[in-house]
Every structure is written in C-alpha cells, then in structure tokens.
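Number of protein chains: 2
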Amino acid sequence: MDTTPRGNRLHIAIFGRRNAGKSSLINALTNQDIAVVSNVPGTTTDPVYKAMEILPVGPVVIIDTAGIDDTGDLGQLRVQRSMEVLNKADMVLLVMDSGAGLTEFEQDITNRCRDKKLPVVVVINKIDATPITPEELAEYKEKLGSEPVAVSALTKAGIGELKIALVKAAPPSWDEQSIVGDLLNPGDLAVLVVPIDLAAPKGRLILPQVQTIRDILDHDAMAYVVKERELKECISTLNKKPKIVITDSQAFLKADADTPPDVLLTSFSILFARYKGDLETLVAGAKAIETLKPGDKVLIAEACTHHRMEDDIGTVKIPRWLRQIVGGELEFHWSNGHRFPQELSEYKLVVHCGSCMINRREMLSRIMQVQQAGVPIVNYGVCIAYVQGILRRALSPFPMIQGILDDEE
Amino acid sequence: MDTTPRGNRLHIAIFGRRNAGKSSLINALTNQDIAVVSNVPGTTTDPVYKAMEILPVGPVVIIDTAGIDDTGDLGQLRVQRSMEVLNKADMVLLVMDSGAGLTEFEQDITNRCRDKKLPVVVVINKIDATPITPEELAEYKEKLGSEPVAVSALTKAGIGELKIALVKAAPPSWDEQSIVGDLLNPGDLAVLVVPIDLAAPKGRLILPQVQTIRDILDHDAMAYVVKERELKECISTLNKKPKIVITDSQAFLKADADTPPDVLLTSFSILFARYKGDLETLVAGAKAIETLKPGDKVLIAEACTHHRMEDDIGTVKIPRWLRQIVGGELEFHWSNGHRFPQELSEYKLVVHCGSCMINRREMLSRIMQVQQAGVPIVNYGVCIAYVQGILRRALSPFPMIQGILDDEE
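Chains as they are written, first to last, in full-length UniProt numbering: chain A, 1 to 409; chain B, 1 to 409.
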C-alpha cells in the first residue's frame, strides 16, 4: 500500500482539547505506536501529517493537531494553524474526554466544519475512566447534530464502531478507488479475457468488465479485449508485453496457460474484491477456510434481494466446495439484502457475495462488523479463487497480500 | 451486400392462389425483374429460393411457392412441398386477388402459420382492377386476425405500406444485425478509439461502444480499446495490421491521421446508422443536403422525450451547419418521441437522431415513411460526418455505399 499516491488518501484531521486522548486514539485505530502518547498536557505541538493504514478503511493521512484550547499568544498561533488544517482535511475526527464533557470548543469545531461542509465524527474517549450515560449521549447528539461514538482508546472498546462511523461519514469522493489503474503507467497495455457464454448479457458486457476498461482508459493505458480462445492469438499480435492480463475467473486456467509467466495475471473478481472491499482481509478470510471443522456455522450473505445474478453460487456451489474441504457437514445460514445479521460471533466464517449491488462503503462497514465479532470474512470471488487453487497466481499484482497465504497461523 | 451470409437473411415465403400476382409483387418489392411474370395460371411451379434486397428492409430470401390451390395428383404434391416451405420461412407473405376475394385457402394458410407461430402479412393485390371497400377490409381483418395491406403490384400503390408492414411483422430475431462483426474474420483485430471527455458517463463506456466490443468478441475477433491520444502508441505495439479502426466521430481527424492509409476506418456513428437503420438511404439523404435552398423546410426528429443525451446537436449545431451550407435561412421543425409526423411531403429533408432509444424496426419504419413521401432522410451521425467532410473516409468499409457520394444526380 506504500505506492498509494498521497493525494488519493483520505485526509482525516483529529481535533480535541488537550489530553482528550487524540494520540492514543490514533494508536488504537492503527495498532501502531507512531504518535507520542503522554499524559503531560500539550505534548503534541504542531500539526503532524502521517500517512498510515487504518484497516480495513484503507490508506489515510492523519493530521494530528495541537491541543487548540491553549490560551495565550502561543495558543492563539496554534489555534490559527489548526484551523488552516481544516482546509486540507477530507473529514474531521473530534475527540472529547468523557470526564470533561461538552464545551464551547467542540461546538466551535462542529460549527466550523458545518460551514466548510466537512464531515465530522465526534468521539467520546476515556469511557473506561468515566462511563457515559444514555442521557449524556442524547444531549451531545442534539447539541452537535450527529451521534457521537463512545470509545476507550485504552481498552479499545468502541474502536470497531468508530471505524464504521468513519467509513459512513467519509466524503463521497473517498469511494473513488481505482480498479486497476493504480497498477498501470501511461501507455501500458492490459489484456482483458472475457468469455462469452450463456451467462453473458445479450449484446453487452457485464458491468465490471466495462468499468475495468474505463478505468484503464482513465489512466492513459490501453485495453485489449479478447475471448479466452483468442488470448494466445492476441499475445502473438503484440511486439511488447502486456503489463497485466485480467481474466474472468472461469477462464483462469486457460488464461494462466496462455499468459507469459513474467506477465502479471489476475481476475476481475480479485480486482473487484479490492475495489469493493478490502482484499487483504478477504484473503485472510480465505485462508481461514483451512481452519473450519465439521459442525461449524458459516454465514453466506448476499447483498441483493432481487433475482440473483450469481445463480446458485451461494446456495449450492460454495457450500459443496466448503464441505469437501472440511470433509464433513457444516451448518450454513443465509442472509439476503440489507438485513445483515447483527449477531455474528456464532459463525466461524462469513462468505459474502461480490457486492455488485452495494457500494464500497457498505461492504467495508460489513467487513468491519464481521471483524469486530472476531470472525473471518471472505467474498465469493476470493473464495472461489481459493478453492480452485488459483488465488496465489491471481494475487501476483499484490505480492504483499500474496504473502498472507504463506503466513503461519 | 452480396457478402451477407444467406443464413442471416430474413426468409419470406410468398403464398397465394394461382395468379394472385405473387411474382409481379416480388418485382414491385425489389424493383427487379427476377420472377417470371405471366398471366397463364400456374406458371410458377417449384418453390424458388432467391436472395435479394428489399430496400430498406435489407437482404432477404424470397421463397416463391407454386400456386398451391392446384387440384389433382400433381397439385397435391405441390401442396405438400409448399407446406414444407413453411418450416424454412421466418415469415409469410400471403397474396390474394382483390377480385377473387377471401377463400378457404387463405384461412388455411393463416391457420397453419398461427400453429407454427409464423408472422403473416396478408396482401390484397390488384386493387387497380378491383378496388377494395372498407367493409371488405374490415371483414378480412376479422376473419384473418390481422389487417391486410391493399396494393397494386402494377401501379405500385401501397407497396411502401407493405414494406412497413413487413418490417413490423418480422420476427424478433430479424433485428439481430451485426454492428461490425460481418466485416471481420475470426482472429481479426479491430481498434476502438474512445475519447474520455466530460460527456462520457462516469466510470462507464457509452452503450454503442460496449455493444461494438461485444459484437467483435461474438465474431471471434479481438478489440483493442484506446483513447485517441494512445492510438499511435497502440498501432506501434502491434506486429500485424488491424482490420479496422472504429473511432468516436469527435476524434475522427486525429484517428484518420494516426491510422495507416490501408486500414479501414469508420466511426461508431456510421456503424450504428447501418445497425439501426439503412446506411445507404441515410448516405443518399446526406447527399441531398447539397440540393437544399434557402426557405426550405427541414424536419429534425428525435426519438426520445426525456433529457436529451445528444445535448444541443439537434436544436443548435445541425441547424447552424445546414444554414452555413445553404447560405441562408431554413425553416426548421422539430418532433420528439413517438409522435413522428404523418404529413412529411412538405419537407425537403428529414434529419433523424441516432435512434438509440428506438429499435431498428421502428427506425426502418420511419425511414420508409419518409421515403414514401419522396423526402430524403439522414441521421445525426451521417449528417455530422458529411458536414465535417469525413463521410467518404468513414465509409471506407462500405465501398458500394461510398459510391453514392460520387453519383451524379
């Protein structure tokens, strides 16, 4: 993820009065010890820009501001500099100490954000020390115009809910993740392998294929579209190597055979698992299939309620494959549409559809919800690639994520 | 059109009692003297399969049957052979003599067609000799279950209406015209030039581009999709020449400059004028722009009523271009949606939209309606190519139609 251009990262400015716990909250979100945590008021002085990863939200830049309730000349300068930060932020995380309560400062920041149309997530920290009452929560919500999230950076209580709140509040532009364009340089050539079978819509291409072509063109690269039978012919017409071959999963083995070994190869499913969710988490979820035991409960979740495009994949094929791997019966539950179960901890695995009917934001919310319950999650595309034994090769453009498959548990 | 595979042609079986005028009707439809016309009963003996062109319906196979009301042994054999024809036909043209009236024979044929779910168009011929009354028409309609078309093959009265009736009754599969696939052999390479500008839908391609890619794949050929800026780079990556370059009209001049002169070049607009209508008629319509004079009435017809995708092309750009060519004011009328004017003879030219919202059948009906009024018709794509001076080059895949531009009036 180090190659993510900084300009594409979600910029989150963290505001809060001195010792509201901003730095320890950053640590809790990132599982890193980057910020200096101290209980001496005012330790954090200048705004610090730090690129980091909040899984599974993705790459972000955290802008850690000085404690801006400082008084005096130096304090005034700090306030001014902190306010300049608002012009560089995509959204604001406003941290308050549950013991200190709501002050003019929080009102001031939320008003400024409203003027600038910046999304704000208010966090009530330190609930380990001072629990928050429902009455206080209701009062804060009314005064601030949004529901605060109660957390403890120390015990990590509520951190999962906070990540979900961040994803839900993120500005619309944050959804604009590229499908494959970030892997391509201008002038690069991507070959797309598109089988035409009975499942293909009459006279059209399926949307993920169209979106991938468009994404390639948007990045000043070139898209060579062929059926699997013509892939060999296509490669032979070229006097330069394609940068990547992207195939429909069902033609993967044929595409693998006809793609030169030094050319990246992946599938539309893998690209869309990344585009629509969090590839790293989903690959880890695939690896968890190995740990399933007979009798375990597995949730199969589909986001659409209408006629299922993916046929009997969720009802027949995936259950059969998983049973074969486990070597025994599993207890499958199914969910459909927007009714995603609240209670997830009973499951040993969640298998989610490709989420073509929901956006990245909603899929990430679901992934986080499942993770909070301590349950691995995989999607159809990654699951199928795993059970077919092609996941490793299909991850060739993502060597860091490929490495997950080799990790010892 | 001689390269149209016979299997794709609409097969029209013509039935009728002896001397109903089947052969002369075929001549009237095709403007050719192929069938032997004779007033000796029973001249036509065996079913004759003849590939021909009914403009603007397109390439057809006319199956001319023996007069199947013959009696006796030889007659019985003929009846049997004629019935076998029904199994090879896509639709039936049932011809009756207005002087002879409706008989059991016509009832029998229409019943057989209903059993086989074959569309039938009933033609009442020879209305020059025996005019048909509205009462008779209503009676025939009730007995046959469809409205007959009254014509005279001799005077050609009603032949235009008959062509429209044929198009409207043709089976659904008849709409399946290929976009570019009939110009390609398996393994051929087509380069698609797709500019990405503000008009392009976010994250997608426009439907004609997607349909073209799909059509190429359906014909076992390969599609190389690039923006206009990458066309030169694209050609340089190839060690074989593409068969054809297809460009968005707005990038035509750039595409022309970057396409080797011995490679076919056309635009999506030209391909869709052919796919959605009748390219030959529309090119002849473009040539008619030269004959416009100041004060002439021009109808600009758009098929959609909702937000116009084509922006101000019909309301501003095309009127301006035509005024410039004419060197004076023109009287423009506009029509929208399904309300296509019945009275067309006042116009010197009809300029129709690209008909993305109506199907080929409806567009052909409109073309024929305009032709019957003796008015030239062009569509937006062909018109724009003409005024921009690129029509000749864009017709390079269709040399016969290109020739229309050279014809003396």
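Calculated from the structure, these hints are not laboratory results. There may be inaccurate statements among the hints.
In silico BS3-like pairs for lysine-lysine, Cα to Cα no more than 30 angstroms straight-line [claimed, not checked]:
#	chain 1	residue 1	chain 2	residue 2
1	B	Lys317	B	Lys287
2	B	Lys287	A	Lys241
3	B	Lys287	A	Lys243
Derived contacts from chain A toward chain B, CB cut-off under 8 angstroms, selection only [stated by the list, open to error]:
#	residue
4	Val225
5	Gln369
6	Ala373
7	Val375
Computed from a predicted model, the values in this text were never measured in an experiment. Built from N, CA and C at the ideal position, the CB exists for glycine as well.
Each hint tested on the structure:
As the CA atoms of Lys317(B) and Lys287(B) are separated by approximately 18 angstroms, the hinted pair is consistent with the 30 angstroms bound. For a cut-off of 30 angstroms, the pair hint linking Lys287(B) to Lys241(A) is broken: about 46 angstroms separates their Cα positions. With a CA separation close to 47 angstroms, the supplied pair Lys287(B) and Lys243(A) exceeds the 30 angstroms bound. A cut of 8 angstroms between beta carbons decides the hint on Val225(A): the least distance to chain B is about 4 angstroms, and the hint holds.
Among the interface hints, the one on Gln369(A) is violated; its C-beta lies about 27 angstroms from the nearest C-beta in chain B, farther than the 8 angstroms criterion. Checking Ala373(A) against chain B: minimum C-beta separation of about 33 angstroms lies over 8 angstroms; hint violated. A cut of 8 angstroms between beta carbons decides the hint on Val375(A): the least distance to chain B is about 32 angstroms, and the hint is violated.
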